[in-house]
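Colleague: Generate the whole structure from the sequences, applying the supplied hints.
The lines below spell out each chain.
Number of protein chains: 2
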Amino acid sequence: MFSMRLITQTYGLVSKRLLASSARTMTSNRVLTADNINPNVITMQYAVRGPIVIRAVELEKELAKGATKPFKSVIKANIGDAHAMGQVPITFIRQVLACVTEKSLMERGGYPPDVIKHAEEILGGCGGNSGGAYSQSTGVDIIRKHVAEYIQRRDGGIPCDPENVILSGGASESIRNVLKLFMQHSAGGKKTGIMIPIPQYPLYSASIEEFNLGQVGYYLNEENAWSLDEAELERSLAESRKDFNTKVLVVINPGNPTGQVLSRENIESIIKFAHKHKLFLMADEVYQDNVYAEGSKFHSFKKVLCEMGKPYTDLELASFHSVSKGYMGECGLRGGYVEFHNLDPEVYVLFKKMISAKLCSTVLGQAVIDCVVNPPQPGEPSYDLWKRERDAVLASLKERAVLVQKAYGSIEGISCNPVQGAMYAFPQIHLPKRAIEKARSLNQEPDFFYAMQLLENTGVCIVPGSGFGQKEGTYHFRTTILPQPALMKEMLDRFGKFHARFLEEYKD
Amino acid sequence: MFSMRLITQTYGLVSKRLLASSARTMTSNRVLTADNINPNVITMQYAVRGPIVIRAVELEKELAKGATKPFKSVIKANIGDAHAMGQVPITFIRQVLACVTEKSLMERGGYPPDVIKHAEEILGGCGGNSGGAYSQSTGVDIIRKHVAEYIQRRDGGIPCDPENVILSGGASESIRNVLKLFMQHSAGGKKTGIMIPIPQYPLYSASIEEFNLGQVGYYLNEENAWSLDEAELERSLAESRKDFNTKVLVVINPGNPTGQVLSRENIESIIKFAHKHKLFLMADEVYQDNVYAEGSKFHSFKKVLCEMGKPYTDLELASFHSVSKGYMGECGLRGGYVEFHNLDPEVYVLFKKMISAKLCSTVLGQAVIDCVVNPPQPGEPSYDLWKRERDAVLASLKERAVLVQKAYGSIEGISCNPVQGAMYAFPQIHLPKRAIEKARSLNQEPDFFYAMQLLENTGVCIVPGSGFGQKEGTYHFRTTILPQPALMKEMLDRFGKFHARFLEEYKD
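Top line first, the protein sequences correspond to chains H and C.
Counted from 1, the first sequence has number 7 at position 8 by numbering that gives the first Met the number 0; the numbering is strictly sequential.
Counted from 1, the second sequence has number 310 at position 311 by numbering that gives the first Met the number 0; the numbering is strictly sequential.
One thing to keep in mind: the hints can contain errors.
Identical chains blur together in the list; that is why a pair holds if it fits in one copy or across any two.
As the list claims (entries may be wrong) - Using 27 Å as the maximum straight-line C-alpha spacing, the simulated DSS-like pairs for lysine-lysine come out as follows: (1) Lys302 / Lys386; (2) Lys432 / Lys102; (3) Lys309 / Lys241; (4) Lys241 / Lys386; (5) Lys189 / Lys179; (6) Lys351 / Lys386; (7) Lys351 / Lys496; (8) Lys179 / Lys190; (9) Lys241 / Lys68; (10) Lys275 / Lys296; (11) Lys102 / Lys60; (12) Lys397 / Lys296; (13) Lys144 / Lys437; (14) Lys71 / Lys496; (15) Lys470 / Lys432; (16) Lys60 / Lys351; (17) Lys351 / Lys277; (18) Lys271 / Lys351.
Calculated from the structure, these hints are not laboratory results.
Modeller: Here it is in structure tokens:
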């Protein structure tokens, strides 16, 4: 019964089919049921694709079948999925990928020589000169080398050994692989605690739950542009230690869902904190190309800790990057990597053994990584187009970052920090007491209730703040800045009207 | 110390660098070390990419740098990786993939209209008409529909609902996702037992270990062409129950590493056994296109259990397929799927929630699945070439299946069952007592010792039977049948000479 309740609560809004079948299920003679399934699968949540998004997909299908709704289209601002929101692929990347895929294209003419050179170099690293061969589990060697060169350039010459770079299907896979190392199966012992920001990207909370680790939240300082506060880190760690053996500190910079870009000073204080308490650092830096605010700059944790010198250089660090974000937004192609710094060599051997059972990540996803870390250079035939396309995407994102913050910030009952980087705003909504009571009466989080009302009435799909975590008694939502300008205007228009009606309906 | 010993034993042959650093490590001040890492990561093993393969890669690099060895090239018969062994991609698949990747190719001309239609249909199912958008975690809907249609055709019209099909990055990912459902984190309770064939494909043993499940081996009957024996299933299950709560039966058909194709009668007896003991069936059917022996035919578990009618139809079944094997061999592109039959609807909702945190599998890998399940039809422009290429690959594999069995079967001290299907032979080697003693003195499994000697002396890379499991006191190795004919001849030649010398050296 326990599990039934939980599922009904979470998925109640979209589970008509499920509920219809539950009578059958309750007397199920099946081997695997919700009452004996891996319990962590029941408790884990991933809000970015949770019930609201599932309902949005249903609504889309209903509209496609001609259903009448108070809106003509669903606008998905729930997920950082640039191409789905109309962003056009970077020509250079797709040309290289096409040549890697179908080699005869390179002979047929029509491709710039640097595209061909690039494709040939990738294929040269593949078994049988085909992307259809498995790569080593760590990835294609020449691509790992290019990643290392990219990191070294990015970090002003601080050395990066290709041997420390492991490619994966998106950064998510690497992040999960690293977290997995900290699992303890022994009964009785304390779980390993993983410090994550609140609000956080729910990949962390979901994976921590799935892997039976301990979630240790530290609050970001909303009043100070979502920065990290050392006192709060200390509080969080100290409190965690009664329940957990806390060993890992996760930092997301630029921030998801909060869009902040950490100052160098702030990063230094975090590094000192990690050193003081002997924590393993995980730096989620997948938005490193997405920095918009004047005066903001991306500093990698690797660079900062190396420049700080001993003893900070000796910290263990795993830092992550992805082809899903940046200016390329190639989410569906699944490319990412982790760079380890100062990982125990024995642990590294074990890590490589662990990932070997999964064989390898997609070779075409790896090829995209190669294009991202090793783009056309000035003077090469593809350079001008590549630069024009990249600059246009980043400039447009920058515009939308400002637009979104201004639009939400100007609505009554909503406050919104600047979007310094990444692809999201995380505005706070000040909900009327009656709306909160109404939500509680439905056994829903108030911001979940708000987001579902928004979706059902306007077709706008955002993710409630409760899916990311937030300070008790505050309510937020995450919206991407990805809809193209016209759609963005439409979205903000629908949102503004809904919000005014909502306030009117639930005013105290 | 425990972990050091284990690592040294397993990776001792390739870990000079590791050992050199171990002194440092033993006094390591690091957060994460081999002494506190997830213990299941230490104990899991994946022989297909284990120490022998790591050494083979090292040897390749040494040869490339001009080192002198008793051989000029490494021949990798360790892994079912067709393209790496010189198999050429199927034109239709790569053309569709190129068009999906770079849409402008479709306007530029030169592609058959059915290729374009195919690519457009896939893109129509993608967000923003781009493979760069995330798909639903379950996969692109139109591709799931094509998979369901394929399964329904394959199974003589037995219905398949696309809703029961979930796409993944290779079959491995789906297999691991399903196994994960059976994890129990509660202390004290028995682990869930998973019955797997011995010999087995080490994805199973590795994942079972990683997920803290219980491995329950049942021996295949080598004397009867590696078939499944009901009495042995009963023995294995009965013995398992003192340690485990055994709930799952895994069957690999056609067999890996054993190359058998199960008769319909044998499948029926397995289904009856699963029903009698209330087991969840996992049918690994990734070699369903690879059937060579006269009289052998692939029967899917779904079809057989549906045709057997009640109560067998009510069994819970997960069956798996992949684009890595078959005639296409697109391993590196990572496409696969699971079809669920009679899964508890609540469990299904939870399964979909669980995979949502990983976002989605590669969309280009999904596109390959589409090409495989929905190939050109007679009368369409791509059909003739597609059929010619497919038939040629399968005919050549069939030839090599016979060649390999004959070659190994004719060597003194080796016996080899027919390769009825899949891509492997699993010959038994009758090792001289002195060779066994020599291996034990090195703290190595005798077949590991043999395989390493073979590699160091001839460059031929195979996987020792101990990596797959085998009856106590017997020794085997797995070799693929994938080297192209000339290379295959070369490999068999090197092997034969080595084996004769080995027998001579260690004769009793």
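Colleague: Next step is simple, just say for each hint if it's right about the structure.
Modeller: How the hints compare with the structure:
In this assembly of identical chains, lysine 302 and lysine 386 lie within 27 Å of each other by CA distance solely inside one copy; the values are 26 Å within and 55 Å between copies. Taking the shortest Cα distances, lysine 432 and lysine 102 never come within 27 Å of each other, neither inside one copy (63 Å) nor across copies (52 Å). Taking CA atoms no more than 27 Å apart as the test, lysine 309 paired with lysine 241 passes in neither setting, with 31 Å inside one copy and 54 Å between copies. With identical chains, the CA atoms of lysine 241 and lysine 386 are never at most 27 Å apart, being 52 Å at best within one copy and 65 Å at best between copies.
Taking the shortest alpha-carbon separations for lysine 189 and lysine 179, both the intra-copy value of 16 Å and the inter-copy value of 22 Å come in at or below 27 Å. In this assembly of identical chains, lysine 351 and lysine 386 lie within 27 Å of each other by CA distance neither inside one copy nor across copies; the values are 36 Å within and 39 Å between. With identical chains, the CA atoms of lysine 351 and lysine 496 are never at most 27 Å apart, being 53 Å at best within one copy and 34 Å at best between copies. For the identical chains of this complex, lysine 179 and lysine 190 are neighbours both inside a copy (12 Å) and across copies (19 Å), given an alpha-carbon limit of 27 Å.
Proximity of lysine 241 and lysine 68 under a CA criterion of 27 Å is satisfied in neither setting, with 51 Å inside one chain copy and 58 Å between copies. Taking identical chains as interchangeable, the C-alpha atoms of lysine 275 and lysine 296 lie at most 27 Å apart only when both belong to the same chain, with a minimum of 26 Å there against 65 Å between chains. Taking the closest pair of Cα atoms, lysine 102 and lysine 60 come within 27 Å of each other only across two copies (25 Å); inside a single copy the shortest separation is 38 Å, beyond that limit. Only within a single protomer do lysine 397 and lysine 296 lie at most 27 Å apart by alpha-carbon distance; the minimum there is 14 Å, versus 60 Å between protomers.
For a Cα distance limit of 27 Å, the shortest separation of lysine 144 from lysine 437 qualifies neither inside one copy, at 56 Å, nor across copies, at 41 Å. In the homo-oligomer, the alpha carbons of lysine 71 and lysine 496 lie at most 27 Å apart inside one protomer (16 Å), although the nearest pairing across protomers, at 74 Å, exceeds that limit. In this assembly of identical chains, the alpha carbons of lysine 470 and lysine 432 lie at most 27 Å apart only when taken from the same copy (17 Å versus 70 Å across copies). For the identical chains of this complex, lysine 60 and lysine 351 are inter-copy neighbours only, at 18 Å across copies versus 43 Å inside a copy, given an alpha-carbon limit of 27 Å.
For a Cα distance limit of 27 Å, the shortest separation of lysine 351 from lysine 277 inside one copy, 24 Å, qualifies, whereas the shortest one across copies, 37 Å, does not. Taking the closest pair of Cα atoms, lysine 271 and lysine 351 never come within 27 Å of each other, the shortest separation being 29 Å inside a single copy and 40 Å across copies.
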